[in-house]
Amino acid sequence: MAENNESMNANPPGILLIRSIRRKDWSFKSYKYVVLLITFIAYTSYHASRKPSSIVKSVLHPHPFLNETVTNPWPIGPLFVKREFLGSIDLGKSKKKGWEPFNGEDGTSKLGEIDVAFLACYSMGMYVAGHLGDSLDLRLFLATGMIGSGIFVGLFGMGYFWNIHAFWFYLVMQMVAGLFQATGWPSVVAVIGNWFGKSKRGLIMGIWNAHTSVGNISGSLMAAAVLEYGWGWSFIVPGAFIFLAGIMVYLLLPAYPEDVGFPCPNQPYVEDSSKINDEEAQTVKENVAVNAQFNVPRVGSNRTSVGLCDACLIPGVIPFALCLFFSKLVAYTFLYWLPFYLSQTAIGGEYVSVKSAGNLSALFDVGGIVGGILAGHLSDKLDARATTAASFMYAAIPSMLLYRKYGGTSRLMNILLMMIAGLFVNGPYALITTAVSADLGTHSSLKGDSRALATVTAIIDGTGSMGAALGPLLTGFLSSKGWDAVFIMLVVGALSAGLLLSRLVLSELSEKFSKRLACEQHNSEDSASQPLLGDRR
87 MAENNESMNA NPPGILLIRS IRRKDWSFKS YKYVVLLITF IAYTSYHASR KPSSIVKSVL
147 HPHPFLNETV TNPWPIGPLF VKREFLGSID LGKSKKKGWE PFNGEDGTSK LGEIDVAFLA
207 CYSMGMYVAG HLGDSLDLRL FLATGMIGSG IFVGLFGMGY FWNIHAFWFY LVMQMVAGLF
267 QATGWPSVVA VIGNWFGKSK RGLIMGIWNA HTSVGNISGS LMAAAVLEYG WGWSFIVPGA
327 FIFLAGIMVY LLLPAYPEDV GFPCPNQPYV EDSSKINDEE AQTVKENVAV NAQFNVPRVG
387 SNRTSVGLCD ACLIPGVIPF ALCLFFSKLV AYTFLYWLPF YLSQTAIGGE YVSVKSAGNL
447 SALFDVGGIV GGILAGHLSD KLDARATTAA SFMYAAIPSM LLYRKYGGTS RLMNILLMMI
507 AGLFVNGPYA LITTAVSADL GTHSSLKGDS RALATVTAII DGTGSMGAAL GPLLTGFLSS
567 KGWDAVFIML VVGALSAGLL LSRLVLSELS EKFSKRLACE QHNSEDSASQ PLLGDRR
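Here the working numbering is used: the first residue of the sequence shown is 87, the next is one more, and so on.
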């Protein structure tokens, strides 16, 4: 009886309701589409709920010389900013602007501390969340994290309506939100890894990983759209989005194929999921449903999750984790500071409003969507994950320098260079956190044990999130010295990310050259044997 209750609990309530209405179940292929859609929406909501802090930065700590409502070209350009007499007058007037405690001289530093508090808790929580994700029911674990995230993101925004000006309140809200947000990535990657084999994993996960950029874009647009009604709404609306998405996950997400009667594609005795015939799989499913009284257990439910130390020993985990440290340092600096940078920098002699900066920054993520898909496709085509990731990181260096130098010449140039930078910055970040993590989480050394998926993903993304915490923190201090210093930091980060994959890149290239050489030798031997056969005739 206990086992039967466990089996029933594993079935999402929404799926059970749909079955009772339709009087038949979905095919294996249909379930895969459902899983892709639900996890896509789920992680879109995660990233959407992280975006508001970057949108409201210029409201909490406004530029002392600029009126944010002005969008017309500035008559006298940068001379107005540089003159000390005008600056001192405007600075005195601006003391009433913004929101305490972020509108003082150390405002950017405090905003950076808020970011690093969130990301530090996120990265530390990731290691624990990955281990728990491999041990607990992924559906319940993911839904709990999303609902908790929505509550604390919303509470941060309530500080506006409750007129709270204590720094510790906003710090604590971000820290707790970071812990809940850590449940997301290991869980969704593990769910995708449970349902999909390795065939075309890079392309599929590259397209699926567009949720990161779609979440950033939707979060920017949601936060910017309601900003005029008070900055608190910029947090409450995305918080409500992830809260509702969490309820959807609880109701509809089948975290394991075994939960709905299908075999796991990562099991040693199961062929690649792309080769499973839907009709045969449906027959299996119907047989399981009909014979539910026999209490067919979830395959692998008795497994113990892989420990952190064992997962670190999987070949490739440490190099990719360190690479992601610097890759996310660059990506998250753009995520948290790009709207602020746009609002503080003249574009074609014109300063844009905070709302316009939020909308404009969304185009960086449009380039990121293309970059993630392109990197995934190339890595599948070349069968070289490390080479693809390193190449993108090296290409990100000139793209960021060009954006810094020429991004202010015109809006068109700014948009074009921003999208190119987003393509190269987000491409390797997307590749490593999806296809690479899933590959390593189902490495041959694990003998098909997909229960390591969340743990491996947590190690790689947790290490990367430490870099994601460091980048915005350093930007808070470096931006006060000038944005050139920030871009130097970004270039160093991208270069370090590429160099850390050098050993894996050399290994991939040497393997390919060896195969090519062996193939050429084989062809030459065949061509040499043909005249001999002709002479014998």
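Since the hints were derived computationally from the structure, they do not count as laboratory data. One thing to keep in mind: the hints can contain errors.
Unchecked claim - In silico lysine to aspartate or glutamate, DMTMM-like type, Cα no more than 25 angstroms apart, as pairs:
(1) K467 / E597
(2) K567 / E314
(3) K183 / E199
(4) K567 / E199
All figures in this text were calculated on a predicted structure; none of them were measured in a lab.
Hints, one by one, checked against the model:
no. : hint        : result
1   : K467 / E597 : holds (15 angstroms)
2   : K567 / E314 : violated (30 angstroms)
3   : K183 / E199 : holds (21 angstroms)
4   : K567 / E199 : holds (17 angstroms)
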